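Kindly generate the complete structure, drawing on both the sequences and the hints.
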Amino acid sequence: DGSSPLGPLTAKHLTRRFLPPLLFVGALFAFQYHRGQAIKADGGGRGQLELTGETMGTTWMVKVVGEGLDGAALRAAVQGELDAVVAAMSTYEADSELSRFNARRETSPTAISEPLQAVLSLALDISGKSGGAFDVTVGPLVNAWGFGPKGRGTPPDAATQAALKVRIGWQKLTLDASAGTLAKAHPEIYVDLSAIAKGYGVDR
Numbered sequence: 098d099g100s101s102p103l104g105p106l107t108a109k110h111l112t113r114r115f116l117p118p119l120l121f122v123g124a125l126f127a128f129q130y131h132r133g134q135a136i137k138a139d140g141g142g143r144g145q146l147e148l149t150g151e152t153m154g155t156t157w158m159v160k161v162v163g164e165g166l167d168g169a170a171l172r173a174a175v176q177g178e179l180d181a182v183v184a185a186m187s188t189y190e191a192d193s194e195l196s197r198f199n200a201r202r203e204t205s206p207t208a209i210s211e212p213l214q215a216v217l218s219l220a221l222d223i224s225g226k227s228g229g230a231f232d233v234t235v236g237p238l239v240n241a242w243g244f245g246p247k248g249r250g251t252p253p254d255a256a257t258q259a260a261l262k263v264r265i266g267w268q269k270l271t272l273d274a275s276a277g278t279l280a281k282a283h284p285e286i287y288v289d290l291s292a293i294a295k296g297y298g299v300d301r
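In the numbering used here, the protein residues as written are 98 to 301.
Just so you know, these hints were derived from the structure itself, not from any lab. Because the structure is a prediction, the values reported are computed rather than measured. Check before you lean on any hint, since a few could be wrong.
[Said to hold, decoys possible] The calculated label-pair distances, taken between Cβ atoms and stated as ranges, are:
| # | residue 1 | residue 2 | range |
| --- | --- | --- | --- |
| 1 | P252 | Q145 | 44 to 52 Å |
| 2 | Q145 | P246 | 21 to 29 Å |
| 3 | R143 | D192 | 48 to 56 Å |
| 4 | D273 | L146 | 36 to 44 Å |
| 5 | L219 | T251 | 45 to 53 Å |
| 6 | E203 | L166 | 18 to 26 Å |
| 7 | R202 | K160 | 41 to 49 Å |
| 8 | F244 | R201 | 33 to 41 Å |
| 9 | Q145 | T204 | 48 to 56 Å |
| 10 | G266 | S210 | 18 to 26 Å |
[What the hints assert, rightly or not] List of simulated lysine to any residue pairs, SDA-like, C-alpha gap at most 20 Å:
| # | residue 1 | residue 2 |
| --- | --- | --- |
| 11 | K269 | G298 |
| 12 | K295 | R201 |
| 13 | K247 | A208 |
| 14 | K160 | G298 |
From the three backbone atoms N, C-alpha and C, an ideal C-beta is built for every residue, glycine too.
Here is the structure:
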């Protein structure tokens, strides 16, 4: 009947009640529309490249928007950064910096590169804060269960697992940031950065 508990609903009431939110929604829509159009025009006018490649047992893809893009040079730059991470931190490449450290049986400190220092520093910090739930020295068990570079094998029995655990523990690694060195308390400590090195590759 055109009435409300507060009295008759007149055009003036309706305007006062609904016009401000409608104006706000309209302004928001217009802003988003013009912003989207600007992004489209910018991307379309300047050019866009989609670069792809392979790394760390998987693939990568990067989209680049800009003027005067040199696809070959940009792809080489991205691949170069990822290749550098592999060269420093892969356990699948026998000649990587990390593989050489793992193969080293001495417990004296050994010099390591700045990228390896950075990733290990973060890894050890997370290990401490998680009470060892994250532990980059778990490599011997990873390998024993067939998830490492050598592939699948026979699952380790309880005795084998117990023997391997002697070589595991993030506290058995000593990173000296000031000297740029890393040392292991047990000669057969094996560091596996597979759970963090890919993220570092993305950062690079």
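Each hint tested on the structure:
no.	hint	result
1	P252 <-> Q145: 44 to 52 Å	holds (48 Å)
2	Q145 <-> P246: 21 to 29 Å	violated (37 Å)
3	R143 <-> D192: 48 to 56 Å	violated (41 Å)
4	D273 <-> L146: 36 to 44 Å	holds (42 Å)
5	L219 <-> T251: 45 to 53 Å	violated (34 Å)
6	E203 <-> L166: 18 to 26 Å	violated (48 Å)
7	R202 <-> K160: 41 to 49 Å	holds (46 Å)
8	F244 <-> R201: 33 to 41 Å	violated (23 Å)
9	Q145 <-> T204: 48 to 56 Å	holds (52 Å)
10	G266 <-> S210: 18 to 26 Å	holds (24 Å)
11	K269 <-> G298	violated (26 Å)
12	K295 <-> R201	violated (24 Å)
13	K247 <-> A208	violated (27 Å)
14	K160 <-> G298	holds (16 Å)
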